[in-house]
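Peer 1: So you can see what is in the structure, the chains are spelled out below.
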Amino acid sequence: MTYNHYNLQMTITHPYHLDPFYSNRLFSFKVIFLNITSRFWKYISLNLNSFRVGIISGLYKDLGKMFLMVEGLKGILNSIEDLSIAKEEYIYAEKALIKFRKYYYLLEDVDFLNHEGIKDISSKILLGLYEIESKLKFLSFDNPKDIDSDKELRQASSLISINTMNNLHAI
Amino acid sequence: MPYSQGDLILLKNPVKLPGGAELKHPVLIINSKRGGYEQYYTGVMMTGTPKNDRYSFKCENQMFTSPLGKESCEFRTYLIFGFNEDDISVLKNTMKKPHLIALINQIKDYIFNID
Numbered sequence: 001m002t003y004n005h006y007n008l009q010m011t012i013t014h015p016y017h018l019d020p021f022y023s024n025r026l027f028s029f030k031v032i033f034l035n036i037t038s039r040f041w042k043y044i045s046l047n048l049n050s051f052r053v054g055i056i057s058g059l060y061k062d063l064g065k066m067f068l069m070v071e072g073l074k075g076i077l078n079s080i081e082d083l084s085i086a087k088e089e090y091i092y093a094e095k096a097l098i099k100f101r102k103y104y105y106l107l108e109d110v111d112f113l114n115h116e117g118i119k120d121i122s123s124k125i126l127l128g129l130y131e132i133e134s135k136l137k138f139l140s141f142d143n144p145k146d147i148d149s150d151k152e153l154r155q156a157s158s159l160i161s162i163n164t165m166n167n168l169h170a171i
Numbered sequence: 001m002p003y004s005q006g007d008l009i010l011l012k013n014p015v016k017l018p019g020g021a022e023l024k025h026p027v028l029i030i031n032s033k034r035g036g037y038e039q040y041y042t043g044v045m046m047t048g049t050p051k052n053d054r055y056s057f058k059c060e061n062q063m064f065t066s067p068l069g070k071e072s073c074e075f076r077t078y079l080i081f082g083f084n085e086d087d088i089s090v091l092k093n094t095m096k097k098p099h100l101i102a103l104i105n106q107i108k109d110y111i112f113n114i115d
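Protein sequences, first through last, are from chains W and B. The numbering of the first sequence is the working numbering, which starts it at 1 and goes up by one. The numbering of the second sequence is the working numbering, which starts it at 1 and goes up by one.
Heads up, some of the hints might be wrong.
Claimed, not checked - No farther apart than 27 Å at their CA atoms in a straight line, the calculated lysine-lysine pairs in the DSS-like style are these:
1. B:K108 x B:K24
2. B:K108 x W:K119
3. W:K124 x B:K12
4. W:K119 x B:K12
5. B:K96 x W:K95
6. W:K61 x W:K87
7. W:K87 x W:K102
8. B:K96 x W:K65
9. B:K24 x W:K99
10. B:K92 x W:K87
11. B:K24 x W:K74
12. B:K97 x W:K99
13. W:K124 x B:K96
14. W:K74 x B:K58
15. W:K102 x W:K119
16. B:K12 x B:K97
17. B:K96 x B:K24
18. B:K97 x B:K51
19. W:K102 x B:K24
20. B:K97 x B:K24
21. W:K102 x B:K12
22. W:K99 x B:K96
23. W:K30 x B:K108
24. W:K102 x B:K92
25. W:K74 x B:K92
26. W:K95 x B:K58
27. W:K99 x B:K12
28. B:K108 x W:K102
29. B:K24 x W:K95
Think of the hints as simulated: they come from the structure by calculation, not from any bench.
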């Protein structure tokens, strides 16, 4: 089997992963453009407001579609029973979370362009991606074998809690 | 001073372990019960030793109102304990809301199994 044939077969048998990002939406361009221009927009005298508003509107639509995809992905999470699939998909889910978090920070940096809708939907997408990532993480990793390495921390937690409970009873 | 959910604090007295070693780990307040005899908080412990397992929640500087000052930190989601307001030494940082909600959801779903 040639590399191309193998590649094609992989594409056919694995048409998607748990990744809500599209490659053709210029999503990153819009976020980075808006992050940079928001800092000095009020100093620009050119009448480019309609251009900027258009990009904000496009970004809002992209986020809306991404939100629907994330909700859809959350819906199929419970059907994943095969551990090997969970492990494979965890890599994509973690990457998607890290990637979206970067965009979220850029939007947060400019106060979500003073757009309540963008703020709301970005937070919902972020929470959805966290949910997908944590579910797959839980499925992918066994119980930690080196849990004894946390022995000191566990001891500390127990001691603090016991001391607190003793103090409460003493009142 | 009342503390809030999401505050990252240091405890006043480092815990002395039976071996004599002292532990002074940052703790994130995940719940605060108000109106009782005294302020009583529940916290989750942060560590700088990355584990990358099902119980870890990785942190980044941008998740907090100010930088953490450490490259890799994570919360150990099963290391949850209670303490009083008097035990708190200093407020170090505050975790931003969406990340805090995600962390609490992870604790609810996979530590306590609360629907």
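Peer 1: Does each hint fit the structure? Answer for all of them.
Peer 2: Hints, verified against the model:
For the given pair, K108 (chain B) sits about 26 Å from K24 (chain B) by alpha-carbon distance, which is consistent with the 27 Å threshold. Under the criterion of a C-alpha separation no larger than 27 Å, the hint pairing K108 (chain B) with K119 (chain W) is consistent with the structure, at around 25 Å. Taken as a hint, the K124 (chain W) and K12 (chain B) pair is broken in the structure, with Cα atoms around 37 Å apart against an allowance of 27 Å. Note on K119 (chain W) and K12 (chain B): the hinted pairing is violated, with a Cα-Cα distance of about 37 Å set against a maximum of 27 Å.
Among the hinted pairs, K96 (chain B) with K95 (chain W) is consistent with the structure: their alpha-carbon atoms are about 21 Å apart, no more than 27 Å. Our distance criterion of 27 Å between C-alpha atoms is broken by K61 (chain W) and K87 (chain W), whose separation comes to about 31 Å. For the hint pairing K87 (chain W) with K102 (chain W), the CA-to-CA distance comes to about 23 Å; that is within 27 Å, so the pair holds. Note on K96 (chain B) and K65 (chain W): the hinted pairing holds, with a Cα-Cα distance of about 25 Å set against a maximum of 27 Å.
Distance check on the hinted pair: K24 (chain B) and K99 (chain W) sit about 33 Å apart at the alpha-carbon level, beyond 27 Å; violated. Between K92 (chain B) and K87 (chain W), the direct Cα distance comes to roughly 36 Å. Violation of the 27 Å bound is thereby established for this hinted pair. As the CA atoms of K24 (chain B) and K74 (chain W) are separated by approximately 38 Å, the hinted pair breaks the 27 Å bound. Between K97 (chain B) and K99 (chain W), the direct Cα distance comes to roughly 19 Å. Compliance with the 27 Å bound is thereby established for this hinted pair.
Restraint check for K124 (chain W) and K96 (chain B): the C-alpha separation of about 14 Å stays at or below 27 Å, so the hint holds. For the hint pairing K74 (chain W) with K58 (chain B), the CA-to-CA distance comes to about 21 Å; that is within 27 Å, so the pair holds. Distance hint between K102 (chain W) and K119 (chain W) is fulfilled; the C-alpha atoms sit about 14 Å from each other, no more than 27 Å. The straight-line distance between the Cα atoms of K12 (chain B) and K97 (chain B) is roughly 26 Å, inside the 27 Å bound, and the hint therefore holds.
Distance hint between K96 (chain B) and K24 (chain B) is fulfilled; the C-alpha atoms sit about 23 Å from each other, no more than 27 Å. Between K97 (chain B) and K51 (chain B), the direct Cα distance comes to roughly 24 Å. Compliance with the 27 Å bound is thereby established for this hinted pair. Between K102 (chain W) and K24 (chain B) the alpha-carbon distance is near 31 Å, which puts this suggested pair outside the 27 Å criterion. For the hint pairing K97 (chain B) with K24 (chain B), the CA-to-CA distance comes to about 25 Å; that is within 27 Å, so the pair holds.
For the proposed pair K102 (chain W) and K12 (chain B), the alpha carbon gap of about 35 Å is over 27 Å, so the pair is violated. A hinted pair counts as satisfied when its Cα atoms are at most 27 Å apart, and K99 (chain W) with K96 (chain B) qualifies at roughly 18 Å. A C-alpha spacing of about 36 Å is found between K30 (chain W) and K108 (chain B), which places the hinted pair above 27 Å, so the restraint is violated. At roughly 24 Å between alpha-carbon atoms, K102 (chain W) and K92 (chain B) fall within 27 Å of each other, so this suggested pair holds.
For the hint linking K74 (chain W) to K92 (chain B), the alpha-carbon distance of about 35 Å lies beyond 27 Å, and the restraint is violated. In summary, the hint linking K95 (chain W) to K58 (chain B) is supported, as the alpha carbons are separated by about 13 Å, within the 27 Å threshold. At roughly 37 Å between alpha-carbon atoms, K99 (chain W) and K12 (chain B) are farther apart than 27 Å, so this suggested pair is violated. The suggested pairing of K108 (chain B) with K102 (chain W) holds, with an alpha-carbon distance near 26 Å, which does not exceed 27 Å.
A hinted pair counts as satisfied when its Cα atoms are at most 27 Å apart, and K24 (chain B) with K95 (chain W) does not qualify at roughly 32 Å.
When each numbered hint is compared with the structure, violations occur for hints 3, 4, 6, 9, 10, 11, 19, 21, 23, 25, 27, 29.
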